[in-house]
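K.L.:
Make the full structure from the sequences, and use the hints.
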Amino acid sequence: MADAGALAALRRRLVRDEAASTRSGPVQGRLKFDLTPLDAAFGGAGLPMGAAHEVAAAAAGEEAAAFGWAAAMLGRALDLRPGLSTLLVQEDGAGRESGEPDGPGLSAWGVDPDRVVATRTRDAAETLKVIDDALKSGAVAAVLAEFRQADPRLDLTATRRFNLAAARSGAMALLVTPAPAETSAAVTRWRVSSAPSLSPSRGLLGPPALRVELTRNRYGRTGAWTLEWDCDERRFRTQNAVGVVRPVLDRPDRPDLAADPAPDRRRQTG
Amino acid sequence: MRATAVDAAAEALGLHPGLSLSDARARRPEVEVVEADPAGDAALLKRMAEAARRWSPVVALDAPDGLLLDVSGCAHLWGGEESMLADAARRMRVLGFSVRLGLADTPGLAWAVARYGERPVAPGGARREPLETMPTAALRIPSETVQALARVGVRTVGQVMDKPRGPLARRYGAALLLRLDQATGLRAEPLKAEQEVPPHRVEQRLFEPVVSEAGVLAFVERLAEALKARLDGEGVGGRRFGLELFRVDGAVKRLEVACSRPLAEPRRIAALFAERIASLNDGLEADYGFDVLRLWALKVQPLKAATGALDGMAVESADAELDALADRLAVRLGDKAVTRLKPGDRREPERACRAVPYAEAEPSVASWAAEVPAAYQGTPLRPLKLFRRPEPVEAVAEAPDGPPLRFTWRRVARRVAKAEGPERIAPDWSEGRAGRLTRDYWRLEDDQGRRYWVFRHGLYEETDAPRWWVHGLFP
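So the sequences go chain by chain: H and Y. The first sequence: position 119 = 119 (the working numbering), numbered continuously. Just add 1000 to wherever you are in the second sequence, counting from 1, and you've got the working numbering.
Here are the simulated EDC-like pairs of lysine to aspartate or glutamate, each with C-alpha atoms no more than 20 Å apart in a straight line:
(1) Lys129(H) with Glu1275(Y)
(2) Lys129(H) with Glu1321(Y)
(3) Lys136(H) with Asp155(H)
(4) Lys1336(Y) with Asp92(H)
(5) Lys1299(Y) with Glu1194(Y)
(6) Lys32(H) with Asp79(H)
No wet-lab data here; the hints were simulated from the structure.
P.N.:
What follows is the structure in structure tokens.
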């Protein structure tokens, strides 16, 4: 029947269009984490900038962890688009709930505070509109929006809109919510929680650790990692890699060695 | 008690202002008496002055019952002086006022023409002739002077003009000559306008009132184009714009927008007003429509010449786009809701980072690196999220000076696994220490890896029972 031919033609067209919609557009650079296991999940190419990404707290009380992961991604996005700034959007109540982004803290997470424009909105509807406007404007490298609660308005339609606007301008949308949305067209969806640091001493915090779970990835595999943020290097490390090395030196009777093996070596040579 | 004003019906009965109440009642027992309300009258006159701004932006009050408008350069918008006055008369009559109008070269002459003239418009240049036949009261002089002049047989202004000036001034005071000179234009009489009148304005008068928002915005863009021509001529751009919409029934809608850099681009000006209109709770309330639109540049600043550096071009345009976005958002969300983060140059964590309204943000002088070190050995020292107001916690510490072992925040008990500190932050010496306590900050990690920034408010030598607060969260 002619119908079958038409159907096949439509299918081919759908495949072509879909491929075009994910590849085309000014996707200026791809965001890499400089961390093999994480980048491997994206086939080594990194994740595309011009799209919406959801970063959700894995549990109540993990909002700061989710924000930290989003901030680190934001910092990378700013590196990729020098000269552009970023827009932080926070609902009025969200600041009281989980605190307001602070300049010194942002710079520790790789975001230059001088390139941040911070806005407060009255409700989620306004937040969505601000995100949309900012993505369309082409004036920012990325938009990081923090929602006060998992809002029903942040749904398939809204996220699809963001994807389209972002693909056109190349700006990245980072949607930080206290809980994953029920439906979302975000190209990657992350669930983040804190992880205990591996610092051997009670009196030393050590680098902050995050448990990061990639639950959806349109560009590759999903996965879960426990990562450590190194704010001097401005990149993540896998926590277990350090964990494997450290116990060798970590002896309960000589805790100082584990913290810093360098002095010991000096003593041998000198 | 005396009558301060009478209506037309009472006047027909022979009553007049100044008559005592008992006298009036004796003559006509049926008169209806309403207490005078000078404050209400003054307020009404003010509102009329608002409405009169449709004909000219320079409106001065002439209490108790007059308005003076400087219509220089406005009449052509109404098709001439006669039709402008006709329009004013018709509108005021529709609103239920009886008005007398006069238009002349000087405020004094216009005042006289409105009250004693035969025709409302005194021909330009003629300053003495219209006055000559008018009674002396047309000179805006006190009634005692009028009576004193009448006693010597001087009843018209013409007669005053014929008299030698010296004796007149000696006998009736300098005020008489001042008023005469003001009316004839020998002495200037600047109007004291109700509102400040910035120099940059354009306006549009419509024969068919515009009702729709889109229509208003289309006209705003056209006005902005005309305004741009003026601003360009002076090499300036506007930082604040005002839009006045005059509704057919006399109501005036006034809107303002601000922007972060001098602006002359018509489309962007119109876009800002579109945001402003969208943010109105009741919309434009156009009802019957607006028939006069006026656009002002309320505050102007020199436009910076575009820098010609080739490599700087991309950055420049990105900045301009960011400005445009921030301006739009500031109009929609409020000036204070769109901010830039600036180093606060203070030790107190809540003041170390200031959120400055975007439009007011200048390039940073203090640098972030000069602030507290954000990190030490790969570990952040300052929280990513800071509470504007620290939240109280119940804490149990091992030692008086030590970190908490356990603490309860937001009704959840948390066990401290690791603690780093203390970092002591004393109140700024330059602002006086009275009643302000030193804080000992600790970075804590609970057994799930969540990190908090808590502080003990007060050393033990400062207070007996120091309290604990959580000030921020680390990821």
